[in-house]
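Peer 1: So the chains spell out like this:
There are 2 protein chains.
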Amino acid sequence: MKVLTMKCMKCEKEYPDAPDRYVCDECGTDGILDIVYDYGSIKITREEIAASKNYSLWRYRKMLPVADTTEIPPLQVGWTPLYRVHAVEKMLGLDNVYIKDDGRNPTASLKDRASAVGIAKAREAGAKTICAASTGNAASSLAGFAASAGLKTLIFVPKRAPRAKVAQLLVYGAKTVIVDDTYDRAFELSVEITKKFGLYNRNCAYNPFLVEGKKTVAYEMWEQMGFDLPDRVYVSIGDGCITSGIYKGFYDLMQLGLTDRMPRIIGVQAAGCNPGEIALKTGEFVAQQGDTIADSIAVGIPRNRLKAMRALKNSNGDCISVTDDEIRSALLEMPRATGVFGEPAGVTAFAGFKKHALAKNIDASEKVIILITGNGLKDIESAISVCTMPTPVAPDSETIEAHVKKLL
Amino acid sequence: MKVLTMKCMKCEKEYPDAPDRYVCDECGTDGILDIVYDYGSIKITREEIAASKNYSLWRYRKMLPVADTTEIPPLQVGWTPLYRVHAVEKMLGLDNVYIKDDGRNPTASLKDRASAVGIAKAREAGAKTICAASTGNAASSLAGFAASAGLKTLIFVPKRAPRAKVAQLLVYGAKTVIVDDTYDRAFELSVEITKKFGLYNRNCAYNPFLVEGKKTVAYEMWEQMGFDLPDRVYVSIGDGCITSGIYKGFYDLMQLGLTDRMPRIIGVQAAGCNPGEIALKTGEFVAQQGDTIADSIAVGIPRNRLKAMRALKNSNGDCISVTDDEIRSALLEMPRATGVFGEPAGVTAFAGFKKHALAKNIDASEKVIILITGNGLKDIESAISVCTMPTPVAPDSETIEAHVKKLL
Numbered sequence: 000m001k002v003l004t005m006k007c008m009k010c011e012k013e014y015p016d017a018p019d020r021y022v023c024d025e026c027g028t029d030g031i032l033d034i035v036y037d038y039g040s041i042k043i044t045r046e047e048i049a050a051s052k053n054y055s056l057w058r059y060r061k062m063l064p065v066a067d068t069t070e071i072p073p074l075q076v077g078w079t080p081l082y083r084v085h086a087v088e089k090m091l092g093l094d095n096v097y098i099k100d101d102g103r104n105p106t107a108s109l110k111d112r113a114s115a116v117g118i119a120k121a122r123e124a125g126a127k128t129i130c131a132a133s134t135g136n137a138a139s140s141l142a143g144f145a146a147s148a149g150l151k152t153l154i155f156v157p158k159r160a161p162r163a164k165v166a167q168l169l170v171y172g173a174k175t176v177i178v179d180d181t182y183d184r185a186f187e188l189s190v191e192i193t194k195k196f197g198l199y200n201r202n203c204a205y206n207p208f209l210v211e212g213k214k215t216v217a218y219e220m221w222e223q224m225g226f227d228l229p230d231r232v233y234v235s236i237g238d239g240c241i242t243s244g245i246y247k248g249f250y251d252l253m254q255l256g257l258t259d260r261m262p263r264i265i266g267v268q269a270a271g272c273n274p275g276e277i278a279l280k281t282g283e284f285v286a287q288q289g290d291t292i293a294d295s296i297a298v299g300i301p302r303n304r305l306k307a308m309r310a311l312k313n314s315n316g317d318c319i320s321v322t323d324d325e326i327r328s329a330l331l332e333m334p335r336a337t338g339v340f341g342e343p344a345g346v347t348a349f350a351g352f353k354k355h356a357l358a359k360n361i362d363a364s365e366k367v368i369i370l371i372t373g374n375g376l377k378d379i380e381s382a383i384s385v386c387t388m389p390t391p392v393a394p395d396s397e398t399i400e401a402h403v404k405k406l407l
Numbered sequence: 000m001k002v003l004t005m006k007c008m009k010c011e012k013e014y015p016d017a018p019d020r021y022v023c024d025e026c027g028t029d030g031i032l033d034i035v036y037d038y039g040s041i042k043i044t045r046e047e048i049a050a051s052k053n054y055s056l057w058r059y060r061k062m063l064p065v066a067d068t069t070e071i072p073p074l075q076v077g078w079t080p081l082y083r084v085h086a087v088e089k090m091l092g093l094d095n096v097y098i099k100d101d102g103r104n105p106t107a108s109l110k111d112r113a114s115a116v117g118i119a120k121a122r123e124a125g126a127k128t129i130c131a132a133s134t135g136n137a138a139s140s141l142a143g144f145a146a147s148a149g150l151k152t153l154i155f156v157p158k159r160a161p162r163a164k165v166a167q168l169l170v171y172g173a174k175t176v177i178v179d180d181t182y183d184r185a186f187e188l189s190v191e192i193t194k195k196f197g198l199y200n201r202n203c204a205y206n207p208f209l210v211e212g213k214k215t216v217a218y219e220m221w222e223q224m225g226f227d228l229p230d231r232v233y234v235s236i237g238d239g240c241i242t243s244g245i246y247k248g249f250y251d252l253m254q255l256g257l258t259d260r261m262p263r264i265i266g267v268q269a270a271g272c273n274p275g276e277i278a279l280k281t282g283e284f285v286a287q288q289g290d291t292i293a294d295s296i297a298v299g300i301p302r303n304r305l306k307a308m309r310a311l312k313n314s315n316g317d318c319i320s321v322t323d324d325e326i327r328s329a330l331l332e333m334p335r336a337t338g339v340f341g342e343p344a345g346v347t348a349f350a351g352f353k354k355h356a357l358a359k360n361i362d363a364s365e366k367v368i369i370l371i372t373g374n375g376l377k378d379i380e381s382a383i384s385v386c387t388m389p390t391p392v393a394p395d396s397e398t399i400e401a402h403v404k405k406l407l
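Here the protein sequences line up with chains V and D, keeping their order.
Here the first sequence stands for residues 0 to 407, where the numbers follow numbering that gives the first Met the number 0.
Here the second sequence stands for residues 0 to 407, where the numbers follow numbering that gives the first Met the number 0.
Treat the hints with caution; some may be incorrect.
Here are the simulated BS3-like pairs of lysine-lysine, each with C-alpha atoms no more than 30 Å apart in a straight line [claimed, not checked]:
{"no.": "1", "chain 1": "D", "residue 1": "404", "chain 2": "V", "residue 2": "195"}
{"no.": "2", "chain 1": "D", "residue 1": "405", "chain 2": "V", "residue 2": "195"}
{"no.": "3", "chain 1": "V", "residue 1": "158", "chain 2": "D", "residue 2": "174"}
{"no.": "4", "chain 1": "D", "residue 1": "195", "chain 2": "V", "residue 2": "404"}
{"no.": "5", "chain 1": "D", "residue 1": "404", "chain 2": "V", "residue 2": "354"}
{"no.": "6", "chain 1": "V", "residue 1": "164", "chain 2": "D", "residue 2": "195"}
{"no.": "7", "chain 1": "V", "residue 1": "89", "chain 2": "D", "residue 2": "404"}
Hints listed in this document are in silico derivations from the structure and should not be mistaken for laboratory results.
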């Protein structure tokens, strides 16, 4: 029994481990629970991990809150590539810069790590239908994983959800309810309906097991650097779940005696939606409208804010913001320098990293990882909006030759 | 020197191995060359392959026409998942059905296997700029791999190329020429300009090294089935390069004494563009217009037809076609049964497989692999066109509850 207890992030009340326990009875949705492990009972070594031939996040199964006998969903998830990016190092005068490309997951975002664990927990709870609210990546991830596992999904999306993102759910057969209202109302309804119909809930800032899936990205950073740690990780912040997961992963490694320090976690937000940046300075969260091209992180008030703040503070981290113009530049600059195409929220981390590097905030010798959380193909409209479509050229050889001479 | 010679598929004239030799001097673009190996000089065992910790197509480097010292591009490519799909087996009364998901490659299509080898060969040729003609996946693949390797690209696309596919090139910084004409003219121009400006050419039905990259998908099928072979592979056919690659991979394994038989390769075309199906029956290729939703295989006359026909004939294979309605059905049916979302040309293979299965053409005990060549996110517009967008529902709890009751 490696899970000791489930502990409220707000009042610290503890609850016994159960796959379908979500939030604190006293604090409600503010009281997201944290999974507390009996680390002494988890026996694992670097050698054992290195010897695994399971190239997915399930290579870390011993460190996950999933029973040994639980059937896991079949899609290959995690163990995404970590690239050393020399062109970026050269551009900014740094010695050790890496990109972790989580857009390579099955439905093309980091959310798949959470869905994989979520599906496993739904099975432990005996659920047949999983419910969630989302406008984007989390929902299509859930829909894809549920389809692969033969489970049903019921997903609430707000009226303003982009058609392309809704299509990604429908493709996988998710029962989709477009709520004629905001995301906040869709979230509330997903919780109401979960209770009313006895479904299983996969909202990441509600069901505490999902952050445990996301933490595996930190394990991989460590293992893929040759069982070494970066000095900093840059990650974009929306609800704060990924930031929380990165911290939990590194925290686990320390508790298990596998590492001895905590890398600095630097959260990056869009300037048009930066409640985390403000809260880290003032201690207070003030709801915002959420105006940015990076739709996946346009979250006016981060729902997993307590865990995210713990991550930033305990890692001696920071939270900064970048303008939409900086995000637009990064949409092109990063793929051109690295071959990795990220969606706006994904390259926001790159834009924040670049801002810090230009401000000489990073020592040249520091090992830096930029985490790309979603693939650019998820949102091709944003890519089109930053590209200049060339004008057609007459097809005769002479005209084409003259044109090519100018281009090369 | 594992490459013995480069041999014309049409007149059988042989040429010495060179990274920048493309087609036969006598037969021109009809005379695509085949890479002929000195199999006796390649010493490799199952044990050696199984022990490799390189989870990319480069685990088979000994079997690729790339020098040991050549620097390879950094993007992780190949070693895509092979999934057993029980829901599909159940649906069609078969015992052993697998999906190989090549949409999981870096730029989300199988073309990345060819680009990886193409970039390596461009380096051997000392090239700085790579040239290609394409409307879609091959071009964005080349652009992404070249960006990761610090090389330049010049890409010709026809006027009718969809904006979303052109954007994928521009994102990676490809110098893009929109030719005010057809794909055929863009192809011709790419060959002309390659010669005129001394560039390196990456057209897969022109540069014979690219099929050698694609052949690795067959090696992986074999290894991932536990060093066993499928009885059949279903694959969609456009220019015929992937079909040719699958055959070459299985052929290599036989020549190297690693296997003792050739699986049947079943090509699937769109009914609106089926020159391969007709040619296999009549022995003659008749150019077509290419009218189908599956744009990546809308090829009126397959340019790699000689290699593709060899693959189908020598493997005791077949070539069939499916209607656009069958492709549209597969666009939804496959992800809902498997969690794998393919683009129209990708799911065409699934549609062909299903057609054969329903016609009882496949024995229940046969091991079947369906190769999915591109990710559905490449072409979200086609997905939107087959989905029914739900109507927004009023956000009060009562209305939502009543609505959910009907849905579940």
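Peer 1: Tell me if the straight-line CA distance from residue 404(D) to residue 354(V) falls inside 30 Å.
Peer 2: violated, 50 Å
Peer 1: Between the alpha carbons of residue 89(V) and residue 404(D), is the straight-line distance 30 Å or under?
Peer 2: violated, 58 Å
Peer 1: For a C-alpha distance cap of 30 Å, please report whether residue 164(V) and residue 195(D) respect it.
Peer 2: violated, 44 Å
Peer 1: With the threshold set at 30 Å, check whether the alpha-carbon distance from residue 158(V) to residue 174(D) stays at or below it.
Peer 2: Violated: residue 158(V) and residue 174(D) sit about 39 Å apart, past 30 Å.
Peer 1: Between residue 195(D) and residue 404(V), does the CA-CA distance stay at or below 30 Å?
Peer 2: Holds, at roughly 11 Å.
Peer 1: Could you grab the alpha-carbon distance between residue 405(D) and residue 195(V) and see if it respects the 30 Å cut-off?
Peer 2: Distance of about 14 Å is within 30 Å: holds.
Peer 1: Please work out if residue 404(D) and residue 195(V) have their alpha carbons no farther apart than 30 Å.
Peer 2: Roughly 11 Å between the alpha carbons, so the hint for residue 404(D) and residue 195(V) holds.
The earlier numbered hints that this structure contradicts are 3, 5, 6, 7.
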